[in-house]
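Start from chain A and add chain Z according to the hints.
Order-wise, the sequence lines are chains A and Z.
Numbering (numbering that gives the first Met the number 0) for the first sequence: 0 to 117.
Numbering (numbering that gives the first Met the number 0) for the second sequence: 0 to 903.
The reader is advised that the hints may include incorrect statements.
[Claimed, not checked] Computed from the model, here is a short list of chain Z residues facing chain A with C-beta under 8 Å:
1. SER18
2. HIS19
3. THR21
4. ILE24
5. GLY25
6. VAL28
7. THR55
Derived from the structure by calculation, the hints contain no laboratory data.
All residues carry an ideal CB built from backbone N, CA and C; glycine is no exception.
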Amino acid sequence: MTEAAKYQNRIELLQGTLDMLVLQALLREPMHGYAIAQVIRSRSGEVLTVETGSLYPALHRLERQKWVKSEWKLTESKQRAKYYQLTALGKKQLTSDHQRWLQLVRAIGAVMDPEVQQ
Amino acid sequence: MTRWPWERAKENLSEELESHLTIAIGDRVARGEDPAQARAAALRELGNLPLIEDVTRERWGWIWLENLLHDTRYALRQLHRTPAFTVTALLTLAFGIGANLGVFQLLYAVILAELPVPHPEEVVRIHAARSPFDQSWTISYPAYQRLRAATPDIPLMATAYAQDATLELPNRASIEASIAPVSGNYFSGLGIAPAAGRLFVQADERMGQSEWPAVLRYDFARNTFGSAQQAVNQHIILNGRAFIVIGVAHRRFLGDITGRAPDIWLPLSLQSTGAFAFSWDSLGPGHDVSLGKPWYNQPTIFWLSLTARIPPERRAAVLAHWDQVFRNDRELMTEATADPAVKAALLRVKTGVAPLSENGMRKRFATPLTLLMALSASIFLVGCLNLANLQLARLHARAHELSVRIALGASSGRLIRQIVLEDALLVASGSVCAFVLGRAASGILVRWASDRNALFTFDLHPNLPLAAFGVGLMFVSLLSFSILPAVIFIRTGAAQSAGSRAKVAGIAQTAGQRLRSNVLLGMQVSLSLLLSTMSGCFAATLVHWETVDVGMDREHVLNVRPELRQPRYTNHAEMLPGLYTRIQERLQALPGVRSAAVEMCGGIHCGWITALYVHGRNDLTDAQVHGQEDHVGLGFFSTLGIPILRGRDFSSIDTVNTQPVAIISHTYARQLFGDADPIGQFVGYEPAPNDHKFLIVGEVADARVNGAQREAPAVVYMDINQNPAPVNSIRVRAVGDPGQLSDSVRHALYEVDPALPVSEIVPLAIELNGDLGMEKLLARLAGIYASLTLLLVAIGFYGVMSSRTTRRKKEFGVRLALGATRRHIQMLIVGQTARILLAGVLPGAVLSIFAVRIASHLLYGSVSANSLAILAASFVLALAGSIATLIPARRAAFADPLETLRNE
Numbered sequence: 000m001t002e003a004a005k006y007q008n009r010i011e012l013l014q015g016t017l018d019m020l021v022l023q024a025l026l027r028e029p030m031h032g033y034a035i036a037q038v039i040r041s042r043s044g045e046v047l048t049v050e051t052g053s054l055y056p057a058l059h060r061l062e063r064q065k066w067v068k069s070e071w072k073l074t075e076s077k078q079r080a081k082y083y084q085l086t087a088l089g090k091k092q093l094t095s096d097h098q099r100w101l102q103l104v105r106a107i108g109a110v111m112d113p114e115v116q117q
Numbered sequence: 000m001t002r003w004p005w006e007r008a009k010e011n012l013s014e015e016l017e018s019h020l021t022i023a024i025g026d027r028v029a030r031g032e033d034p035a036q037a038r039a040a041a042l043r044e045l046g047n048l049p050l051i052e053d054v055t056r057e058r059w060g061w062i063w064l065e066n067l068l069h070d071t072r073y074a075l076r077q078l079h080r081t082p083a084f085t086v087t088a089l090l091t092l093a094f095g096i097g098a099n100l101g102v103f104q105l106l107y108a109v110i111l112a113e114l115p116v117p118h119p120e121e122v123v124r125i126h127a128a129r130s131p132f133d134q135s136w137t138i139s140y141p142a143y144q145r146l147r148a149a150t151p152d153i154p155l156m157a158t159a160y161a162q163d164a165t166l167e168l169p170n171r172a173s174i175e176a177s178i179a180p181v182s183g184n185y186f187s188g189l190g191i192a193p194a195a196g197r198l199f200v201q202a203d204e205r206m207g208q209s210e211w212p213a214v215l216r217y218d219f220a221r222n223t224f225g226s227a228q229q230a231v232n233q234h235i236i237l238n239g240r241a242f243i244v245i246g247v248a249h250r251r252f253l254g255d256i257t258g259r260a261p262d263i264w265l266p267l268s269l270q271s272t273g274a275f276a277f278s279w280d281s282l283g284p285g286h287d288v289s290l291g292k293p294w295y296n297q298p299t300i301f302w303l304s305l306t307a308r309i310p311p312e313r314r315a316a317v318l319a320h321w322d323q324v325f326r327n328d329r330e331l332m333t334e335a336t337a338d339p340a341v342k343a344a345l346l347r348v349k350t351g352v353a354p355l356s357e358n359g360m361r362k363r364f365a366t367p368l369t370l371l372m373a374l375s376a377s378i379f380l381v382g383c384l385n386l387a388n389l390q391l392a393r394l395h396a397r398a399h400e401l402s403v404r405i406a407l408g409a410s411s412g413r414l415i416r417q418i419v420l421e422d423a424l425l426v427a428s429g430s431v432c433a434f435v436l437g438r439a440a441s442g443i444l445v446r447w448a449s450d451r452n453a454l455f456t457f458d459l460h461p462n463l464p465l466a467a468f469g470v471g472l473m474f475v476s477l478l479s480f481s482i483l484p485a486v487i488f489i490r491t492g493a494a495q496s497a498g499s500r501a502k503v504a505g506i507a508q509t510a511g512q513r514l515r516s517n518v519l520l521g522m523q524v525s526l527s528l529l530l531s532t533m534s535g536c537f538a539a540t541l542v543h544w545e546t547v548d549v550g551m552d553r554e555h556v557l558n559v560r561p562e563l564r565q566p567r568y569t570n571h572a573e574m575l576p577g578l579y580t581r582i583q584e585r586l587q588a589l590p591g592v593r594s595a596a597v598e599m600c601g602g603i604h605c606g607w608i609t610a611l612y613v614h615g616r617n618d619l620t621d622a623q624v625h626g627q628e629d630h631v632g633l634g635f636f637s638t639l640g641i642p643i644l645r646g647r648d649f650s651s652i653d654t655v656n657t658q659p660v661a662i663i664s665h666t667y668a669r670q671l672f673g674d675a676d677p678i679g680q681f682v683g684y685e686p687a688p689n690d691h692k693f694l695i696v697g698e699v700a701d702a703r704v705n706g707a708q709r710e711a712p713a714v715v716y717m718d719i720n721q722n723p724a725p726v727n728s729i730r731v732r733a734v735g736d737p738g739q740l741s742d743s744v745r746h747a748l749y750e751v752d753p754a755l756p757v758s759e760i761v762p763l764a765i766e767l768n769g770d771l772g773m774e775k776l777l778a779r780l781a782g783i784y785a786s787l788t789l790l791l792v793a794i795g796f797y798g799v800m801s802s803r804t805t806r807r808k809k810e811f812g813v814r815l816a817l818g819a820t821r822r823h824i825q826m827l828i829v830g831q832t833a834r835i836l837l838a839g840v841l842p843g844a845v846l847s848i849f850a851v852r853i854a855s856h857l858l859y860g861s862v863s864a865n866s867l868a869i870l871a872a873s874f875v876l877a878l879a880g881s882i883a884t885l886i887p888a889r890r891a892a893f894a895d896p897l898e899t900l901r902n903e
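Excised from the complex, chain A in its bound form (with noise of 0.2 Å):
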């Protein structure tokens, strides 16, 4: 297996779980690509780290969905970098994503915990 495809590989595991979090790091403000590593990494405790090869391509497809539009800004250090921004259909997609996500999180919980429903 090339290199390559270990990336794609990753890349489909987190698939659906990278896009939620990249959009809902963009929830609130514009960011530039380490920002957002950088926000999911802090917010998550941690535990949680972005590798660029995973993130860009993420960033890419985001913005080929129409989900996240980009620009060129100036950082607050005068950095020349790629600010992204969620538009209202990304909103819309985190939306459900989240939906999704919470029903997920609450069958698998009933599943490993049963007695907690009951």
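Same frame as chain A, but now just chain Z:
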């Protein structure tokens, strides 16, 4: 500077990742890390940058396009690196596909194309009855009117045949235009739309118009007036009569007879003007026929061919009805014969239909064109085989590169794709050339096939079947010379050869691979032999027809066509014998002229059919009495070189006031009298009591007056001085080349009568050979094909043998070092060629014999000439193959063995 959008996007992505890295480093430095360490850590965190770019780019969804572009660029580079192969392949494809397209277009136009009208299957020819003498399916105008009136809802169109007319335009030289007289419902019945103006309506058939309506053919209108629109309302003069162009027919409509496109359509009623020469038949002399008066009310002049549009389901009923209506005319037609069997047979005939496609054109050209198609297909095949072989050799040469690429992880699919893409580029550009070439070729073919005596016009517009055929050929060529070799090569050869030093050099060509290329070469040899043989046979046929004994002195006779059909001659026929004598005497006084004579017929294909009844015999059948008639002047037979077998020639003692005399040809004499002496017998145009008008005074040998390819007909010659009429030709027999006499003859005629126009002066040989369009086409094309395949075979041998000798260089070096002579080495290589040649020639010869058999009715060279053709073709092939092999063989033999071995 403009760049491709994907290049911009790619840079954009690099910049984005770059900025990511910069920010990450900045972040780490801000947290207090050492800048150098921060950079290394950030890089580590980032991972494999190009790979990330690759994977990210794939998300864009058009990476395949980029790959394709890459492959294309790579392919172009490869093609550029092997210019010899590229050029050979391009030319082979262009000629191979082009020739096929050209011939196919012709084949399609002649044989397959339907009339460009709605529901062409409904349009049929109506065969009511054959005319008594010409045996053409023509009827009289009154009969046509009756049939048309009987079925008002069925469009029944009539057409007549008329000779070309002289078209005069203001401020321009007059030209000959072919004309087609048609009934008023012709265009509406067929369903033809005008390209400009309007087409005929019933009112256009009105008699006695001061300015007649005319409809032009689209291309003729464009060539004459610039455009269809501009042609409308133009005033033109045809044979001295005024016409106005009322419209131009649809662009694709070229008339209803394949190949014979009229320039101008005219109303039938125009016949009444008498200004145009119509073809006609009648019941013969003695019946009520006044050719000088209008024909529309004469039931005994047969001049109209019928075409109708009948839905298939109504056909039977309509025909039965017409049969009833036509009964009286059919009975009238039987009066032309005294033969009771023929009379009965005529009455038994039922009105029938025939498809429009059933015409002489298709009958004449179907076989030659199919044959040409087969020959074209073979040359295409040879081309593909040749390319396949070159391709295999080329792949072997690239084995090293390909195997390294496979080793580096290139998928074999991608490799095949790249090779095929390379060839697809070749095929695509070759095909573009082929389409251009094919278009030009079909035009040239039509010109070649058109003989002097008949010009063809076909619809050669590109059409869907042609395009489909072309694309089909493209795929076949791509499959055979690219996809199959590539697949075979990749799947069997290259992968295994990777790694081994010896194998990388390509020495090990397996026995299977050698066999494959040998078989391909052998097949080329076979097909090439076939084509060369056919070319030889067609050339022999052409020579046969050009030299066959026609019973006339074909090499020394000149045919001069004077225009005597003018009132100043026709109204004073009694003066004509004097004029003929003056012309003859003046011409015979010219140096280089042996004799001169006048003749009613204007040349070959005169086709003036008559009947002769013998006095005192009433047992003669129609087959016996029918023959051809010609009126000739004094000295005609000696001028043409037709020997007098019995009796005497016409002489000056035969005049208007003496007994009318006739001379008959040998065949006619046999027909009428068997072996008995015809001299002194009386004959007439009609059965008793009018069967003794002419006294037969002579019998002459047969001559092929209807062309070299037709049997000599039975001919009766009458003395033109006893029945003075304008002649259509003056024959001059020269001592040497008749063509050189043209100017002096023209000048002499001017001296005799300055007002006598001469339309054409042409040697008899050219006139006779003018019929040989198809034979010339076959001979020329087969010749071209044969030389092309020969060239291909030579290229094939050269290509294969040189790649083989290069591969065996080391072996030869060792052999030479061990004491083999250079001659040995050469013989080794030439021997291989010889074996392949032999293996190809044998099946090729069998194939050729088979093909010659199939085409035997087109071939008139003798059997020995045909077998000679096979032998000669084999010899030429062997020579070409050997020469092509000798070049690499010499190169191999004269290579320095030390140099070769040192390179190892």
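(request) Hint by hint, work out which the structure violates, then give me just those numbers in ascending order. (result) Going through the list in order, the structure violates hints 4, 6 and respects the others.
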